[in-house]
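J.: Given chain A's structure and the hints, the job is docking chain B onto it.
There are 2 protein chains.
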Amino acid sequence: MKINDEFFMKLALDEAWKYQFLTYPNPAVGCVVVKGESEILAIEAHKEAGMPHAEVNALKAAFLKYHPNDLLKTKKTSNEIHEYLISNHKDFFNDCKVYVTLEPCNHIGKTPACANLLKVIKPKKVIIAHEDINKEAIGGINTLKDANIDVGLGCMKKDAYNLLYPFIKWNSGSFIFYKMAQTLNGSIEGQISENRAKAYVHALRDKSDLMLIGGNTVRTDRPTLDARYIAGRAPNVMIYSKNKIFDNKIPLFHVPNRDVIISDDLFKLLDYKLIMVEGTYNLLDILREKLDFIILLINPKIKKGLNALNEIDMDFEIIHENYIGNEKIVFLKRKN
Amino acid sequence: MKINDEFFMKLALDEAWKYQFLTYPNPAVGCVVVKGESEILAIEAHKEAGMPHAEVNALKAAFLKYHPNDLLKTKKTSNEIHEYLISNHKDFFNDCKVYVTLEPCNHIGKTPACANLLKVIKPKKVIIAHEDINKEAIGGINTLKDANIDVGLGCMKKDAYNLLYPFIKWNSGSFIFYKMAQTLNGSIEGQISENRAKAYVHALRDKSDLMLIGGNTVRTDRPTLDARYIAGRAPNVMIYSKNKIFDNKIPLFHVPNRDVIISDDLFKLLDYKLIMVEGTYNLLDILREKLDFIILLINPKIKKGLNALNEIDMDFEIIHENYIGNEKIVFLKRKN
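Same order as they appear, the protein sequences are chains A and B.
If you're matching positions, the first sequence starts at 6 in this note's numbering and goes up one per residue.
If you're matching positions, the second sequence starts at 6 in this note's numbering and goes up one per residue.
Next up, chain A with everything else stripped away, as it sits in the complex (with noise of 0.2 Å):
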């Protein structure tokens, strides 16, 4: 196997990956600090909006490894982080390189400008996976120019543009996510997810401005729909339906802090920046044109049941997975 550019970009990626939408309204961002050719320092990402930066996590980890017992270590928010890496970085970065999968920030927003950061120390290169699309912070890479430090851009675009791209859409309307869990075999009958996928699930929805779900399946399933088992905020839904008319006792009417829309106007829909949609399958074909991601739960067992999937048709690119537990989680990209 090669030990090249594209080796550590995918480390980051993949590091990026385990906090996508997690950080919503921000993109997922992973960074690998590699010292000399290829002494790997550090693998981070961003965590979540307010929080550090993927480079100011992957920095601070990488000067640690060296440096273990160093202040920098009681250092704890993004502003703490730069102003003492700015002061105390000693040039340990002069032999380093710094492959981060967007463009370093260049504003000043809830935490500072990372192409400031990049500047001051000094790295020998900063390898980008893609240009920034976000014009508020655009400029990082002549910041990086400007002050005489190499950069590569391009290095697994297409991988970074897939995992940029729910913040693409969120970015400039709406980004759909339909959330599907099944058995290999592709049953859904009964229970498919164990509990760290539940939480995960949860988690999603402690993000998501507005959850989509059918009319039946809340008529049948009564659901709560809420992020109790991260103890999250419950998302405003919307009830797709014509029928209007719904037993009032159904839990998710009594979630507090949460809107209910009952409609059958997806329009609506492009009035939220991230929406999930949950539950019914007649949904998907509906929304088979809308339609961003499938995020899929994937439970190893072969099942008796139910397979609701058997009428549609319609192809995806898988551009990331990773376990839950025992169970599988494939991100799904709908193939237009």
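If you are wondering where the hints come from, they were derived from the structure by calculation, not from laboratory data.
All of these numbers come straight from a predicted model, not from anything done at the bench.
It cannot be assumed that every hint is accurate.
[As the list claims (entries may be wrong)] For lysine-lysine, the following DSSO-like pairs were computed, each having C-alpha atoms within a straight-line distance of at most 27 Å:
no.	chain 1	residue 1	chain 2	residue 2
1	B	K306	A	K333
2	B	K52	A	K15
3	B	K130	B	K150
4	B	K7	A	K127
5	B	K129	A	K70
6	B	K254	A	K95
7	A	K80	B	K7
8	B	K254	B	K174
9	B	K7	A	K203
10	A	K7	B	K162
11	B	K309	A	K309
12	A	K52	B	K15
13	A	K23	B	K162
14	B	K295	A	K306
15	A	K338	B	K309
16	B	K23	A	K23
17	B	K306	A	K338
18	B	K203	A	K306
19	B	K52	A	K7
20	B	K338	A	K23
T.: This is chain B only, laid out in the frame that chain A set:
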């Protein structure tokens, strides 16, 4: 993400899995060489019986990373690489750690003993995931310890055991795997796999001692069951059928250098070491207690059509997965 022994061993395991079954009758083994704490020099695997072992490939690649024009470049066979490194290692490996998924071999078989090579080049530490189970090859750890080389044993042992599991089974009897291909939603109708996946299936056939297939599939599909996509060896075939009468014009009967058995006695399987099952889903049910792995090829489509597995209940552990082109390959181990 922590950059530790587990991180490097995982790279070795993943590399080894790329050649799982293709090394038959040898085990799949991976090896990573790290200089100092985390300078990653080589990620290699054993690729085919008779070819260099994982350690030899990795030590060669690591040495060439620092000495790209060394004469070692021209050494191809295991004997040549062993001999050359023993005389010309220049103490290069003294500050290296060698991660290997299986205890280095201690006997001289088709290739010289890896334990002996390591003893001479003296790496700082050898980290081994799983001890050898092959009585002829065992003793590598003691050889290293006797040479005062620091040995770590058991890093990611469970994963290494899963990697080694086919070898353990065919070494002590039979290893039986079932090849399945389906869409995301479990549909098996029509052509599922693309050409790269088909070539992989033919590479598996080429290595298998026996292919088992159901009589009805033979009558309906009239298959050839050879390894033409890779210009490989056609395996012997056992057709599982009570009715022994078949149309003699079915192509599989006319492949040269192949035996075909028609039988409904599954005890005959015990005469073979590596057995591949294809195509008939009632065989999955019949073999449910004997099956070791399912190798599942998944094409990322949702597609209308028959899901043949709706009447079977089985539990699996996902022990590895990879891509073949745009498709997924998942290695599933049956849970007892």
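J.: Look at each hint and say if it fits the structure.
T.: Hint by hint, here is what the structure shows:
1. Taken as a hint, the K306/B and K333/A pair is honoured in the structure, with Cα atoms around 17 Å apart against an allowance of 27 Å.
2. A C-alpha spacing of about 23 Å is found between K52/B and K15/A, which places the hinted pair at or below 27 Å, so the restraint holds.
3. Restraint check for K130/B and K150/B: the C-alpha separation of about 10 Å stays at or below 27 Å, so the hint holds.
4. The straight-line distance between the Cα atoms of K7/B and K127/A is roughly 25 Å, inside the 27 Å bound, and the hint therefore holds.
5. Pair hint K129/B plus K70/A holds up; C-alpha atoms about 20 Å apart against a cutoff of 27 Å.
6. With a CA separation close to 78 Å, the supplied pair K254/B and K95/A exceeds the 27 Å bound.
7. Distance hint between K80/A and K7/B is fulfilled; the C-alpha atoms sit about 19 Å from each other, no more than 27 Å.
8. For a cut-off of 27 Å, the pair hint linking K254/B to K174/B is broken: about 36 Å separates their Cα positions.
9. Under the criterion of a C-alpha separation no larger than 27 Å, the hint pairing K7/B with K203/A is consistent with the structure, at around 26 Å.
10. Note on K7/A and K162/B: the hinted pairing holds, with a Cα-Cα distance of about 25 Å set against a maximum of 27 Å.
11. Distance check on the hinted pair: K309/B and K309/A sit about 18 Å apart at the alpha-carbon level, within 27 Å; holds.
12. The suggested pairing of K52/A with K15/B holds, with an alpha-carbon distance near 23 Å, which does not exceed 27 Å.
13. Distance check on the hinted pair: K23/A and K162/B sit about 25 Å apart at the alpha-carbon level, within 27 Å; holds.
14. Our distance criterion of 27 Å between C-alpha atoms is met by K295/B and K306/A, whose separation comes to about 17 Å.
15. With a C-alpha separation of about 19 Å, the suggested pair K338/A and K309/B falls inside the 27 Å cut-off, and the hint holds.
16. The suggested pairing of K23/B with K23/A holds, with an alpha-carbon distance near 24 Å, which does not exceed 27 Å.
17. With a CA separation close to 11 Å, the supplied pair K306/B and K338/A stays within the 27 Å bound.
18. Using a Cα cut-off of 27 Å, the hinted pair K203/B and K306/A holds, with the two alpha carbons roughly 24 Å apart.
19. Only pairs whose Cα atoms come within 27 Å are accepted, and K52/B paired with K7/A is accepted, the gap being roughly 15 Å.
20. Restraint check: the Cα-Cα separation between K338/B and K23/A comes to about 25 Å, which is no more than 27 Å; the hinted pair holds.
When the structure is compared with the earlier hints, violations turn up for hints 6, 8 and for no others.
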